[in-house]
Amino acid sequence: MSAPFTVPTCRVCGHLAYPPRILCPECGANDWGRTLADRGVVTEVTVRRPVFKRRQLPWGNWLDQEAVRLAAVHVSVGERSVRIVARVPEGVEVGDRVTLSAQASTAIALPGQVADAAPADGAAPRAPAHGGSAAAAPAPVESE
Amino acid sequence: MGGTERSQSPPAPVIVGAGTTVYERHPAVERRTETFIAEAVVAALADAGIHKNEVDGLGIASFSLAPDHAIDLAWKLGMTVRWVMEDTNGGASAINMLQHAIRAIEAGDAETIVLAAGDRMEKREFHLMTDRYNRVARDYLAPLPLNGPNALFAFLTERYGRLHGLTREDFGCIPLAQRAWAGRNPLAVYRRPMTLQEYMESVPIAPPLTRFDCVPIVSGGDAVVVTTPERAARLKGPHAGVRAIRALHNHDQQEGDGIHSGFALFRDELWEAAGVRPEDVDSAHIYDDYPVMVLVQLADLGLIPDGDVKRFLHKEVLEEMRPVNTSGGQLSAGQAGASGGMHGLAESVRQLRGTAGERQVADCELSLATGYGMVLYTHGSCHNAAVLERRGG
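Protein chains in written order, with our numbering: chain Z, 1 to 144; chain H, 1001 to 1393.
Please keep in mind that the hints were generated in silico from the structure rather than gathered at the bench.
Each residue gets a CB set at the ideal place from its N, CA and C atoms; glycine is no exception.
Among the hints, a few may not be true.
Listing some non-contacts, in silico: residues in chain H with all C-beta distances to chain Z over 10 Å [to be verified]:
(1) 1027
(2) 1029
(3) 1038
(4) 1043
(5) 1056
(6) 1074
(7) 1077
(8) 1163
(9) 1184
(10) 1190
(11) 1198
(12) 1247
(13) 1269
(14) 1316
(15) 1354
(16) 1390
Not everything, but these chain H residues come out facing chain Z in the computed CB check (under 8 Å) [what the hints assert, rightly or not]:
(17) 1136
(18) 1140
(19) 1147
(20) 1152
(21) 1154
(22) 1155
(23) 1204
(24) 1377
Quick partial rundown of chain H residues pointing at chain Z, CB under 10 Å, derived from the structure [said to hold, decoys possible]:
(25) 1139
(26) 1145
(27) 1159
For reference, chain H alone in the conformation it holds in the complex (with noise of 0.2 Å):
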């Protein structure tokens, strides 16, 4: 199989140009939700070279919109559209916006549509967010209290642990490599490197989670531009096609160990409908809220095809530097919310394009990006993940 062509990919909607605000910490008091949401706009706009009059169509996640929605964004923006949606699954939004957008592109319900996610997230903001995040988050977990999901996913890194035999130092190569790779984006909010003592020392947060294994929080947007083949012939190249993409939500009814994840059972599905294998792909760009989630990820998509977790994470991720969340991710450069779920579509979009900078991974031709997120109880039901590939230019 090794070196085989890729199968002709149908012409399919292409993603011409992604955006991302510089994500802030504490950012002024008037830099609203709609001002980073815009700001991610207004970029990916530019890098596609399209003027806000062309686009058709517009979808938004944001956990924090309220009480505005994607139609006052549209007419904040001056946006007439014929195409519009919200989202709100979280880590997953961006990819099922994308999946939705292809088909309304290929269908002639819209030519060009903007995606954007993104959230003004401080402390008050957070917790809103994480106490009220659907009813079981509020009557059954927050008065434990539980205090967002990071006692949940230290449960999930000790049971997959356990199960591959891995110890503090093997979780830590992930945000170590990305630690590494955020120290080439002037945009994350941690860039600075850091050593395996660092990790090992930082301060813990629901053991064995420590400051290190969280994401974060900032206040930031991202933003992708769909359009069709044809009218992306006419725009600076190159593009990213989208080969497949595939998602399933609530697989175990929350009633699974959550590190058998709903990947896992569509894993063959994407690879099949994308035409290419896992070891084709060039860059990953894995939905990282906890380094354990990026493992189960990558294992569940066929990216450790020897199943040996450990001499993965120390060869290829961390030795290597095997190109995986290239940004740094949100372990690094930080997650704004609901703009989380669209980091890695645009960087994956930035490293297919060619535009990615200091860290643009040599002749990427192949990205995998995926979408994780909604805990219902124990972890999260929402998986999708999209296959794009370098088109014209």
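If we strip away everything but chain Z, and leave its shape as in the complex, we get (with noise of 0.2 Å):
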């Protein structure tokens, strides 16, 4: 099942920190939102071949290794943007725009729909998936 793809924003500065951190990298905070940052564009492609054809998993099992699709993909919010690292569908290549959605702890990016996702942009994020009252709704900060 997915979710809508947040990212950790520092309610002090507005910073973006994915992965989380503890303290804000920029201001020092430790308070934290989260905004909606699901349109991105891809910047680079590869296809990574298992190391090893099958491998043994730490509780003993083996596993087939299939060969699977990654990128980096750069999301803009406002002002500020975050690089993700997001496995992508057979096609998908650099310059693309695509939508991620968050899959229990994994990025896991989706074709755009490039027509739906241009308007989205330089619009203010929607509310923050969880957390924050609306008054501490991270929206994208200038810069200081």
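Quick one: dock chain against chain with the hints and give me the complex.
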């Protein structure tokens, strides 16, 4: 089951930190909300072949290894941005716009519906997925 | 500036010995992590001409020593020590330990310190290591499934190639040249000469990376011995004096592009502290987990002064065989887990001591060794470098 892709956001200075940190690298606060950050552009793509054909998991059983298509995705929210490592389906190439969704603890990128993604650019982010009152909604802030 | 005399070296601690085990792809079951580390320690002490009872400090780096620690090794090696440390910084662990060891010896906390690294690294150990490298790897990368850092460095290779207009043939200069060096190193796992065609046609691992852009996983160990200049004067030289060490970790909070490294931020300070210039370096031992990182480090540390990476690769690395990773580096000699960080430092010491055999660089007086590693999310976070010089003998 997948959920909207949100990124931990410092409520004090607006810094986006993915994966989550403890203290904000920019201002040092420990006060985090989350911002919807599900639109991105693919900057690099690779198909990761398994190092070994089969692998043994820590609990002992063996798993056949498959190739996985992976991408570096540049996600912008207002003035700020983060880089996400994501799994992408066949056909996604460098320069493609993608929509990110979160599945368990894993970032999964689905092919962007370009027409839908485009208008989202520059628009105010939607409400955070969870945590924080409306006042604390971490709208992207201008860098000081 | 050309031909300027170097500033007088301070009477700093010196490295008096280096040891490297045979690197094995499929070691016998009884050859454990501690076996490889112990063999490296014994080899380094023999090289230095120091008995284990004279050692009073021990530093260890390993991914797979658990549940043992450095003190368990001290016991198993019969060493009584006044100084002990364990380093967890992977590719940066050797120079990090050296940085600490130098200060400990200067402060009088210890006189003779052995720094060793090693791992028994096979399929299972490799996956345990990469899947649980840190919490982020376990929770955000392993489930993709990422399966080790190859894909991340494929991104960095693509990014760096785009910036400098490099093709696979260009990047290939590094593995090709290092393979040629490895042919002169009896301990390397890949020694057969490699052609450009073989490189170009090798198995894709995470395009643009192919098999020969990725280090062969091996089991092995490396060690060096550090002591006071007074103690060193009574040993057979020449030795490797440490002119300067600089480090920078987590310089960009993993929010940079991974190809603008922390090395660039301490480059000027490193060369100034060393009192020499990058062009004075006779042999460079650059942490080579992937060819792209060799280029990033050489460029960021000032060894490609005109910034023309393509020319540097074809002319200096491949055609002129400028001494870079003369053991074959990890790309040809193999990566023995945390020993990858010690591998270049040990080779640097051999070059300065004149013990590098067939691959000895003539009149090697000044050497550079680097450490890089610890991918936190998208790229390595630890950077360090040591400028070493030939002393005595």
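### Query
Tell me, which hint numbers fail for this structure?
none
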